[in-house]
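Mind docking chain B on chain A? Use the hints.
Chains A and B, in that order, give the protein sequences.
Its first residue numbered 1335, the first sequence is counted upward by one per residue in this note's numbering.
Its first residue numbered 483, the second sequence is counted upward by one per residue in this note's numbering.
Quick caveat, the hints were computed from the structure, so don't treat them as lab data.
Be a bit skeptical, because a hint or two may be false.
Subject to a maximum C-alpha distance of 27 Å in a straight line, what follows is the list of computed BS3-like cross-link-like pairs (lysine-lysine) [stated by the list, open to error]:
#1 A:LYS1443 with A:LYS1409
#2 A:LYS1466 with A:LYS1437
#3 A:LYS1468 with A:LYS1449
#4 A:LYS1466 with B:LYS650
#5 B:LYS785 with A:LYS1466
#6 A:LYS1468 with A:LYS1443
#7 A:LYS1468 with B:LYS785
#8 A:LYS1503 with A:LYS1455
#9 A:LYS1468 with B:LYS712
#10 A:LYS1455 with A:LYS1437
#11 A:LYS1588 with A:LYS1659
#12 A:LYS1544 with A:LYS1342
#13 A:LYS1503 with A:LYS1443
#14 A:LYS1352 with A:LYS1659
#15 A:LYS1437 with B:LYS712
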Amino acid sequence: MPTVTFDKATRIYPGGTKPAVDALDLDIADGEFLVLVGPSGCGKSTSLRMLAGLEDVNGGAIRIGDRDVTHLPPKDRNIAMVFQNYALYPHMTVADNMGFALKIAGVNKAEIRRKVEEAGKILDLTEYLDRKPKALSGGQRQRVAMGRAIVREPQVFLMDEPLSNLDAKLRVQTRTQIASLQRRLGITTVYVTHDQVEAMTMGDRVAVLKDGLLQQVDTPRNMYDRPANLFVAGFIGSPAMNLVEVPLADGGVKFGESVIPVSRTAVDEAAAAGDRTVTIGVRPEHLDLVGEGDALAKDGGKGLAVTVNVVEELGADGYVYGTAKVGDESKDLVVRVSGRAVPQKGEVLHVVPRSGETHVFSTSSGARLSD
Amino acid sequence: MTDTTTPPRSAGPDTGPRSDSPGDSPSGAGSGGRPRPGGRLSRRLGTGATQGFLGVWALLAAVPLLWALVSAFKTNNELFASPWKLPATWHFDNFVRAWTKADIGEYFLNTVVVVVGALALTMLLGSMAAYVLARFRFPGNRVVYYAFVAGMTFPVFLALVPLFFVVKNLNLLSSYPGLILVYTAYALPFTVFFLTGFFRTLPTSVAEAAVIDGCSQEGVFFRIMLPMAKPGLVSVAIFNFLGMWNQYLLPLVLNSDQHKYLLSQGLAALAVQQGYANDWSALFAGLVIAALPVVALYLALAKKVQTGLSVGLLK
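This is chain A alone, in the form it adopts within the complex:
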């Protein structure tokens, strides 16, 4: 199985001036499951379609293995694609749908039938092989679309939001099925989604795009622990990371009534950029509650006072949505609390970020300052 390389690949739609995908540099390893994620209109689907050959590449190059495929037609790229609406051929049976590519390639009938039945077995479609797509449920159609890709044994799988037409429960199931199928087949896969949970759970690595620009490529763990900038910090994680703009103070930053320590270099960098504030990011699970007169509040401060607006109880734990006054503005915060000690609406909590679990970003550029 080959690698996939985007080398400063750029796509500008006719009539537009701003690139939909702007000099995308991406190296996808052999057999890797890479997820492209981002809000709608960020260029993730366009990137995938460029790799598929469905969109022209206006600059840069795309390689599959050592082969430059930048201007090759789709059929010469040895790829298979799963579409969001599955794009099944409505007038063909499931078996014909899955075997169509082989039929075009001139494979003999017995061989096609064997491969289709094999894929049908893997995907649990054996009894539906002679049905038309319209007689299948959404989940089954999705599997047929997967089967169509598998049967071809392509070099690269491309998947364009293949789960977004399924209901929530089926989506979670299918998510694991696709991921394990990909591991088993070991075929290099590029997967597009707007759902960051899908991205985090399925990908070996995740690439975050925004406005056609690549923001960060990393493993899900690193993406979560060390987001490269404010956008990634806010995008990855659910509920989202709390991002609070705070003034620089002596030896750190002022967070409510506490001062939390921030590395010297980060403060220097912010100061060098002429900023008087930095943006602190804290995940909901990294905000600790401080009781009255708690030992944690060493400097006599009581952290940040948060007024509880809404409590979401999820069983194991709960999320508290509250408002805090930061400087002169009120700011919405999310705090994860234990499911056994959930505060009431209207209560005031005092929270401090757990040390070592804060992220510091430049307010002006959005770049990560802490390491």
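Chain B only, in chain A's frame:
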């Protein structure tokens, strides 16, 4: 339909939230029931008027047809003596006479050749042109499209004289190819216009999937898009078939050889001849023979159009 037991089924805005549970309709009937009968009455009047109108229309269309059908089995005397009665004995020999003596059989075959040829050519060329116009961006796309649309607005009478000379110069007067080509040209504008709209509604991703599966552009068209467009193709084919089968003006001008006469011309000639020969029942038999394929085709395919329409509705 009885008014006492029907639950308030979206009778109007006045039923409000109560309408979702038929269980408490008794209480609803007391308070909110008053304005409802009026609404129901006007609704019933509305549907009554619609149904009445449709009924009258159906009668207007069906009665002459049925009358012609029944008359085709009568003798000439019966036809004039008791025009509204069923025939005493059913005379099938009228049909034999029409088919052989009045040459309706010959005209029928001529018509089949011309219409089938023209229809096949129209559908092939029309669908290909429409597909390209609907799917591909190229300079001049709109110009070609509007040229076709303009063709629809062109009154045929304006074209008759030049058309006659064009066909004459091509030595195609009174010939099958001549009529087939003219019929095709005449049917293409509407076919292209209709099918362009239809191809636009088909999902692009299916064509893309086929391209990725290794199809050439021709392959995508013939193996994927054309089968998907079947409901549209069937509708427009039926429409074209009706138009071509009943075409009178074009063959009248371009087809003067009596042995190449089409049904419409044959029937017109028959109407004149039989007026003198006093063989009205053969004329009606000829009419029925001419109308039969159209009715049969429509009955056979009308259902296909309806069920076929849902094929495209794959999410």
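Comparing the hints with the structure gives:
1. A:LYS1443 with A:LYS1409: holds, 21 Å
2. A:LYS1466 with A:LYS1437: Holds. LYS1466 of chain A to LYS1437 of chain A sits at ~18 Å (cutoff 27 Å).
3. A:LYS1468 with A:LYS1449: Given that 27 Å is the threshold and the Cα spacing comes to 23 Å, the pair holds.
4. A:LYS1466 with B:LYS650: violated, 51 Å
5. B:LYS785 with A:LYS1466: Roughly 19 Å between the alpha carbons, so the hint for LYS785 of chain B and LYS1466 of chain A holds.
6. A:LYS1468 with A:LYS1443: holds, 24 Å
7. A:LYS1468 with B:LYS785: holds, 18 Å
8. A:LYS1503 with A:LYS1455: holds, 23 Å
9. A:LYS1468 with B:LYS712: Holds: LYS1468 of chain A and LYS712 of chain B sit about 16 Å apart, inside 27 Å.
10. A:LYS1455 with A:LYS1437: Given pair LYS1455 of chain A, LYS1437 of chain A holds - Cα atoms ~20 Å apart, limit 27 Å.
11. A:LYS1588 with A:LYS1659: holds, 13 Å
12. A:LYS1544 with A:LYS1342: holds, 16 Å
13. A:LYS1503 with A:LYS1443: violated, 37 Å
14. A:LYS1352 with A:LYS1659: violated, 39 Å
15. A:LYS1437 with B:LYS712: holds, 22 Å
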